[in-house]
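Listed here are the chains, written in short residue letters.
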Amino acid sequence: MKILVVDDEKDMQLLFEQRFRKEIRNGITEFAFANSGEEALGYLQRHNHEAVLILSDINMPGMSGLELLQEIKTRYENPPPIVMMITAYGDPDNYNQAMRLGADDFLTKPIDFNQLKEKLKITN
Amino acid sequence: MLDAFVALFLVLHFRKTLKVKAPGSYWFRMFNSTAYAIVILLVLQEVLRISSITMWIWHVLVLLLIIVLLRNPEFKNDRSIALAVLPLVLISFLQDILKVWPNKFADKLANYLDYAFPFAIIWLVTLWIIFRRQQKALEKERKIREEEEREARIVAARKTELEILVNERTAEITRQKEELQHALDDLKATQAQLIQSEKMASLGELTAGIAHEIQNPLNFVNNFSDVSGELLEEMKAELEKGDYNEAIAIAEEVKQNLDKILFHGKRADAIVKGMLQHSRTSSGQKEPTDINALCDEYLRLSYHGLRAKDKTFNAKFETDFDQSLGVIRIIPQDIGRVILNLINNAFYAVNARQKQHVPGYEPTVIIKTSNATATGNRGNIVEIRVIDNGTGIPQSVRDKIFQPFFTTKPTGEGTGLGLSLSYDIVNKGHNGELLLESKEGEGTTFIIKLPAD
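As given, the protein sequences belong to chains A and B, one line each in that order. Under my numbering, the letters of the first sequence match residues 49 to 172, in that order. Under my numbering, the letters of the second sequence match residues -13 to 439, in that order.
Source of the hints: derived by calculation from the structure; they are not laboratory data. It cannot be assumed that every hint is accurate.
Computed, partial: chain A to chain B, Cβ under 10 Å [said to hold, decoys possible]: (1) Q66; (2) Y124; (3) P128; (4) M132; (5) G138.
Since this is a predicted model, take the numbers as computed values, not measurements. Think of the CB as a built atom: it goes at the ideal place given N, C-alpha and C, for glycine as much as any other residue.
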């Protein structure tokens, strides 16, 4: 399963690689990283439909995670990739907006990786 | 008989004069009674036919009157009348004496007196005319004096009136001054309150940002420490297996994680400290401060604060830091407030322009630091530029932008104190300069110049 992680925090890559080191080693998951919404869209265009799961931050300079979500859900229709939002801003406004735009799940930072892994198995 | 009329004439004349000049005076009453006495005596004389007796009374009366007029200083102006009638009176007196006391000179003297009579008349008329003229001149003078007095009275009345008016006005002005002083005191108190609420308002924005922003470093602190625990377990297993190379590789990873934990722990600390420093009243203490770090911190705080407040808000932000700047001595929470204020304004401006839906518009805020010493400034100068491509500021607004309470934001959104306080902090507190360059429809650049030594 290929997962695209979108976050302007660069240390996110190291964290995911360590947290999922066993899954990566065993070839269960493969990760790609983007530092902005724009970068994520570029990646999706280049690697059409490769990523089945997108984990995106919301607050990023430039295109926000919510805009990225909207873009993905309207542009990639058949079938659209699963998008989970991961944000430090877990207020109801943000949550409702993400859900209205078609987010498949909504997680808050600090990330509970055990919970995340469980959700990934459910979506598998 | 003549003397009787002369007496009556004199008495009436002076009675009239005195009536105007000094009614109720001794002489007026005197002349008044005398006039009645003369009239009564005249009537008696005609009824009883006693003119042979009364004529002496007339003579004496006239002479007495003339003496009174000539001797008394009160009638100084009327002496000429007395003089005018004197020859006539004397002639008449002498004629009567001659009538009752005939002697050898009497006829001769009576002749002389007859001759003298016309001259006495001429004398009387002449003096009378002169007297009338004098009287007229005096009357005229008196009228002028009266007029002057009347004017003086009017002037005095006006003066009193004006004095009352001036006093009223003075009282009014004093009252107004006191009211204004009171209003000024109130305003000063309100201003102090507003400065505090401006601080609290931006603190509120910050808090919203911080509460969420702190989750980002915490995410790393929690997860890196947790994962490091797992890694250490794995390392133990590798060591038991005897795979030292793998164990060392894992140890390297753990070390790297600890660095990350420390880094993000410090970052969380800085975020909280920034908030505390912001809320604290300025200590006024200058400390060596890393300008780039300060700008970066407040840029993030501003951005996330605005995002927390307005979900639709979005903008690109870039930093262009001169890494050679090092530290300069400033009051960090004060300059931090200035930077925060300028960045908030910049985001506000790009947001406003974005709402105009210009195709291809990309809202961008850039914060740039540089050493401006080379560009013709005195001493060492560090420059911070906050650049936006927002709506720009019209010239009319530019002139007033640093004035306290000037704001273009809708009521309730801005206190109008942000830039005014920023100006004071930079210009007065740091001996620096706060400038702006702006072009309508293209954007605005705020420049903070700070002396670096």
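Against the structure, the hints:
1. A cut of 10 Å between beta carbons decides the hint on Q66 of chain A: the least distance to chain B is about 5 Å, and the hint holds.
2. Residue-level restraint check for Y124 of chain A is violated (minimum Cβ-Cβ distance to chain B is 22 Å; threshold 10 Å).
3. At its closest, the beta carbon of P128 of chain A sits 22 Å from a beta carbon of chain B; the interface hint therefore is violated under the 10 Å criterion.
4. Restraint check, M132 of chain A versus chain B: the minimum CB separation of about 15 Å is more than 10 Å; hint violated.
5. Given hint, G138 of chain A at the interface with chain B, holds; its Cβ is 8 Å from that chain's nearest Cβ, closer than 10 Å.
Checked against the numbered hints above, the structure breaks hints 2, 3, 4 and satisfies the rest.
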